[in-house]
Every structure is written in C-alpha cells, then in structure tokens.
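Trainee: Here the protein sequences line up with chains A and B, keeping their order. The first sequence begins at 21 in my numbering and counts up one residue at a time. The second sequence begins at 21 in my numbering and counts up one residue at a time.
Heads up, some of the hints might be wrong.
In this list, chains with the same sequence are indistinguishable; a pair is considered to hold if it fits within one copy or across any two.
Restricting the straight-line Cα-Cα distance to at most 25 Å, the calculated cross-link-like pairs of lysine-lysine (PhoX-like) are [to be verified]:
| # | residue 1 | residue 2 |
| --- | --- | --- |
| 1 | 192 | 95 |
| 2 | 111 | 95 |
| 3 | 212 | 175 |
| 4 | 300 | 242 |
| 5 | 95 | 212 |
| 6 | 95 | 242 |
No wet-lab data here; the hints were simulated from the structure.
There are 2 protein chains.
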Amino acid sequence: MRWTEGLIAVDWGTTNRRAYRIDANGNCADEFEDGKGVMSVAAGGFPEAVAEIRRRLGDLPLLLAGMVGSNRGWKEAPYVPCPAGMDELVKALVWPGEREAIVPGVSFIGNGRADVMRGEEVQLLGAVAAGSVDPMGMVCHPGTHNKWVTLRHGKIAEFRTVMTGELFSLLKDHSILSDLLQEHVEAGDAFKEGARYALNDDALSADLFMVRARVLLGQAKKEDATSYASGLLIGSDVRIGLATPTSAQIHVVGRPELTRLYAAAVAEAGRDVVEIDGEKCFLAGIQEIAKRIG
Amino acid sequence: MRWTEGLIAVDWGTTNRRAYRIDANGNCADEFEDGKGVMSVAAGGFPEAVAEIRRRLGDLPLLLAGMVGSNRGWKEAPYVPCPAGMDELVKALVWPGEREAIVPGVSFIGNGRADVMRGEEVQLLGAVAAGSVDPMGMVCHPGTHNKWVTLRHGKIAEFRTVMTGELFSLLKDHSILSDLLQEHVEAGDAFKEGARYALNDDALSADLFMVRARVLLGQAKKEDATSYASGLLIGSDVRIGLATPTSAQIHVVGRPELTRLYAAAVAEAGRDVVEIDGEKCFLAGIQEIAKRIG
C-alpha cells in the first residue's frame with residue numbers, strides 16, 4: 021500500500037462535505053462535516069478548499085468521492101459503466117495531483133433506461149468489501165436520490181434512481197401540501213398506512229393529493245399528514261425497487277434516520293430487510309480503494 | 021330567471037381571477053383577468069375586492085366559483101359529495117349577500133380514496149349542459165391539479181386528482197432538473213417519447229431522473245429535455261386516468277395550451293380524444309346555474 025502514513029477520505033457532495041482522517045491502522049482518528057459542498061466552491065477554488073481540509077486534519081494523501089468528480093467539481097472523473105466493481109473504480113481514478121485521487125461515478129445504460137450515481141458507489145462496494153451485503157444481492161441506498169442496486173459477483177450490475185428525497189423536500193418547501201408536511205416523520209401507523217397504499221398502487225402523483233383531501237374531508241388527522249406522505253413516497257419507491265425480481269434479503273445502506281423508514285416500508289412489503297450504517301461502508305470502501313492503489 | 025339584467029361570473033382561483041360580464045342575452049360583453057387571487061386578499065377584504073369587480077364590469081349580480089369558496093376565501097361553501105350534478109350545486113350555493121352566490125366544490129370518498137375539486141365542477145357540468153361531452157363519458161381537466169372525471173347521467177360520479185402541473189412547476193423552479201426544464205414544451209417527438217415511456221411504465225419518480233441521466237450520458241439532447249419531462253409527467257397522468265375503464269371517447273376540457281399536450285398523450289395511448297375550450301364550458305356552466313336559481 022502506497023499510502024502507509026494514513027489518508028484523508030472526503031465524501032464531497034453538492035451541498036456539504038464530510039472528511040475523515042484514517043490512521044495507518046485503518047482507524048478513523050478525526051473527522052468533520054461542513055457546508056462547503058461543491059456548489060459553494062468557486063471555479064478554481066478547489067486547491068484552496070483541499071488545503072483547508074489538510075490544515076484541519078493533517079498533511080496526508082486525499083481520496084475524494086462524490087460530486088467533487090462531476091463537471092462542476094475539481095476535476096471531472098468520467099462515469100464507469102456497469103458492471104462496476106472495485107477494480108474498475110480504481111483503474112478509473114482521476115489524479116489532480118500525486119497525493120490526491122478522485123473516485124469516478126458509475127453509469128448504467130440498458131433496458132431502455134439511462135442512470136448515473138456519484139458517491140454512492142464507494143458505500144455500496146465498501147459494503148461488499150466489508151462482507152456486509154450479499155455480493156449477489158439487492159441493495160437500497162436512500163438519500164436525496166435513492167438508488168436500487170443489483171449486485172452480481174460483488175459488482176454493481178444495474179441500478180435505478182428514484183427521486184424520493186428530493187420530491188419530499190420540494191413538496192415540503194414549495195407545494196400546496198407544504199403546511200401539512202412540517203411534522204417529524206415517524207415509522208408509525210400513519211407512515212405504514214401510506215406505505216401500504218403506495219406499495220399496492222401505481223399512481224404516486226395522484227396519491228399525494230390525498231394527503232390534502234383526506235384532511236379536508238375529515239378522513240385523517242392533520243398531525244399524521246407528514247408521516248403519511250413520507251409513507252406514500254417511500255412505499256412507491258420500494259414498489260419500484262422490488263419490481264426487479266430478487267429472492268435475496270434487501271440490504272438498506274445509508275443514514276440511520278432514512279434506513280429506518282425504508283426498512284419499515286420493505287417490511288410492509290413482506291420482505292426481509294437489514295439496515296446497514298452507510299458511514300461505516302464509506303470508510304470500508306475508501307480503505308479498500310487505498311489498498312488497491314498499491 | 022331572477023337575474024334578468026345579466027350577471028358577472030368570476031372564476032376566482034388561488035393566485036388569479038377571471039371575471040366576465042354576461043349580458044341579458046347570455047353573451048360575454050366584457051371581461052378581465054388579474055393577479056388578485058384568493059391568497060392576495062386579506063381577511064375581511066372580499067367585500068372591497070367584489071366591489072372593485074363591479075366598478076370594472078357593472079353593478080350586476082355575481083356568481084363566484086373556485087377557491088373563493090374555500091376556507092381561505094370569502095365564505096366557505098362546503099363540498100357537495102358525488103354524485104354531483106347541476107341541481108346539487110345550485111341547492112348548495114352559499115349566499116354572502118342577496119346578489120352574490122358562491123358555487124360549492126365537489127368531494128369524492130370511495131375505493132379507499134378521498135378527493136376534492138373546487139372550480140372545475142362549473143366547467144365540467146357546463147360542458148355537460150352545452151352538450152359538449154358524453155353524459156356517460158370520461159373527462160380530463162388539466163391544470164395545476166388535473167382531474168379525471170367519470171360522468172354518469174350528466175353528474176360527476178367519481179374523480180381523481182393528479183398533481184401533474186404542480187409537480188412540473190416544482191421540478192422546473194426548484195429541483196436538480198431545473199436547468200433542463202426551461203425550454204418551451206412542444207407536443208413533438210421528445211414529448212411523445214416521454215409520454216410513451218410513462219404510459220408503459222409505472223415509476224414516475226424514477227423516470228424523471230432519466231431526464232438528467234440521458235443528457236449526462238449523451239443519450240438525449242439537452243434542448244429536448246423539457247418536452248421529454250413534460251411527456252413523462254403527462255404520460256404518467258394519462259396512464260392513471262385510463263386505469264378507470266371506459267369505452268368512451270376521452271374529452272379534454274381546459275386551456276388550449278394544456279389540452280393540446282394531454283390530447284397528444286391520450287392519442288399515444290391509442291384512444292380517441294376531443295379537445296374542448298374550458299373557458300366556454302365555464303361560461304355555459306355559470307349560465308346554467310343562473311337559470312336554475314330561478
């Protein structure tokens with residue numbers, strides 16, 4: 021392994037970034053998160069933004085993942101087509117300098133569809149490397165844009181993006197449903213009712229209007245509307261994901277507050293589900309990449 | 021007919037209002053449209069807002085429809101449950117004064133669903149009164165919230181709202197797709213491709229992400245993205261509407277720039293479709309109500 025002194029791993033998204041110092045033994049020794057996402061860094065500002073990370077965490081090599089590799093990031097790291105495993109990612113690393121590498125995203129074209137991911141691939145293949153998911157299984161990775169990923173022999177064979185998280189934010193912040201979507205989402209009865217409805221229906225853009233109509237007509241309590249709406253959105257998402265046949269257990273990888281909701285909806289669909297902490301998978305993925313850089 | 025001197029008809033929505041002076045012969049003699057929707061009128065401000073309409077169009081009786089009858093409007097006109105025809109609307113008129121009547125909205129509860137409309141009922145039953153639609157047929161009424169309406173014996177028997185127009189606006193103004201959705205929508209090849217895809221798929225919240233992925237991966241031209249996205253949204257909407265079995269021709273009632281797009285998507289589904297100007301239906305509906313006031 022080239023980087024014997026340890027390294028800094030950065031999950032650098034559109035609106036924020038998380039950076040971790042990983043010591044020579046592979047342990048996370050320090051970390052921080054801030055709002056300096058890719059969109060807030062001016063053109064030409066990445067060398068300074070990277071130098072700032074080193075001032076905070078140490079003068080170590082950097083492995084960067086996420087939107088920092090997009091055409092709005094530091095240096096574009098072109099998408100690696102499916103099937104994509106660790107070897108394919110490592111081969112396609114983009115090197116802005118000798119001590120900085122950017123992990124590429126992954127693309128899928130097939131079945132009449134086109135899709136992209138950027139950032140999730142490290143967590144997904146990290147989960148494979150850590151032995152946390154079935155290398156022939158199905159992984160759900162919720163976030164702003166949820167990914168349903170079919171693994172084959174430990175590689176990303178195919179995936180589909182569902183815009184659930186972003187749709188929920190749009191509806192909460194700007195829509196006619198806005199005043200009904202300000203409560204905290206709980207995976208309780210209202211959420212499960214919404215999830216069951218959307219698992220058995222295929223009309224999300226109609227079902228969402230019910231959130232309002234049910235309250236207006238006295239069919240549901242206003243305070244349950246946020247969880248019910250979240251249930252509709254996530255239930256619809258799970259219906260889409262499970263349309264790809266798999267006999268495997270579903271692994272949900274991501275932030276615990278989201279995996280909890282997706283796990284509840286998958287359980288409503290009568291399927292076995294396991295939740296996995298996405299941060300651990302990210303660190304496992306970064307270390308696997310570092311090892312393979314050689 | 022009580023109102024022999026003519027009347028003023030107002031289609032008073034959330035964000036704007038359209039007012040028409042209808043003379044004693046039933047002809048539209050004058051009209052205006054402005055941005056004084058219900059949301060811009062302060063509590064207690066409706067008598068003055070109504071007086072202003074009379075100053076512009078004449079001191080005539082007023083028939084008001086739309087959100088002016090909601091709990092944020094002048095006076096609440098409770099929803100009339102389905103089946104709702106002209107008689108039911110006229111019986112449930114709400115009278116803020118002797119020369120002003122508000123038309124109620126319509127509600128549907130059934131098949132595990134709940135739904136409401138307010139304003140569209142005048143156009144729909146106006147289309148029936150004018151003989152423009154089959155009284156046992158199916159009507160599609162696009163707008164911010166599209167309504168799919170099943171008529172039975174000239175009454176609104178059942179309906180379903182699809183939030184297509186609002187979703188398009190949210191995606192255009194606030195989403196990751198925003199920069200791809202600024203072109204004018206045309207019912208051309210890109211629109212039809214999107215419509216066909218969504219007519220045969222049942223995963224709108226996934227399909228929408230393709231708008232971006234196709235451009236990123238060189239599968240589609242950026243300048244076609246707006247029409248393709250509109251095709252996905254309206255195609256999905258039409259799939260939902262046509263899930264209610266009907267052998268009838270589909271009548272699309274509304275503003276011509278919208279009925280054109282819906283008619284194109286319905287045609288892609290292989291169904292006969294007729295476009296009808298919603299403004300004419302509104303005026304026909306208002307005059308039918310005025311006649312029945314007696």
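Trainee: Now look at each hint and say whether the structure bears it out.
Mentor: These are the hints, each one checked on the structure:
no. : hint       : result
1   : 192 to 95  : neither (34 Å within a copy, 28 Å between copies)
2   : 111 to 95  : within (16 Å within a copy, 68 Å between copies)
3   : 212 to 175 : neither (33 Å within a copy, 35 Å between copies)
4   : 300 to 242 : neither (37 Å within a copy, 37 Å between copies)
5   : 95 to 212  : neither (43 Å within a copy, 36 Å between copies)
6   : 95 to 242  : between (47 Å within a copy, 22 Å between copies)
Figure legend: structure checked against the earlier numbered hints; hints not met, in rising order: 1, 3, 4, 5.
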